[in-house]
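Visitor: Sequence:
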Amino acid sequence: MNRKSHFLAEESGQGMVEYSLILVLIAAAAFLAYKGIGETNLQRMQGFADRIPK
Numbered sequence: 030m031n032r033k034s035h036f037l038a039e040e041s042g043q044g045m046v047e048y049s050l051i052l053v054l055i056a057a058a059a060f061l062a063y064k065g066i067g068e069t070n071l072q073r074m075q076g077f078a079d080r081i082p083k
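Residue numbers (the numbering used here): 30 to 83.
The hints are simulated quantities; they were obtained by calculation from the structure and are not laboratory data.
Glycine included, each C-beta is placed from N, C-alpha and C at the ideal position.
One thing to keep in mind: the hints can contain errors.
Stated by the list, open to error - Quick list of the computed label-pair ranges, beta carbon to beta carbon:
id: 1; residue 1: I81; residue 2: A58; range: 27 to 35 Å
id: 2; residue 1: M45; residue 2: I66; range: 29 to 37 Å
id: 3; residue 1: G76; residue 2: L54; range: 31 to 39 Å
id: 4; residue 1: V46; residue 2: I81; range: 43 to 51 Å
id: 5; residue 1: G76; residue 2: Q43; range: 43 to 51 Å
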């Protein structure tokens, strides 16, 4: 039992590092996509908002 919990603790520690790296990669990719797509989308949304009668 003790050996198994120690093994799980090591596994979860390694998993956390991998999880953090994956999160950083996803965040970077999302940021770049948002920066690229978001600018054109923002202009389109502003154009759409201008057409709405106030």
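Visitor: Does each hint fit the structure? Answer for all of them.
Guide: Hints versus structure:
{"no.": "1", "hint": "I81 x A58: 27 to 35 Å", "in the structure": "holds, 33 Å"}
{"no.": "2", "hint": "M45 x I66: 29 to 37 Å", "in the structure": "holds, 31 Å"}
{"no.": "3", "hint": "G76 x L54: 31 to 39 Å", "in the structure": "holds, 33 Å"}
{"no.": "4", "hint": "V46 x I81: 43 to 51 Å", "in the structure": "holds, 48 Å"}
{"no.": "5", "hint": "G76 x Q43: 43 to 51 Å", "in the structure": "holds, 49 Å"}
The earlier numbered hints are all upheld by this structure, with none contradicted.
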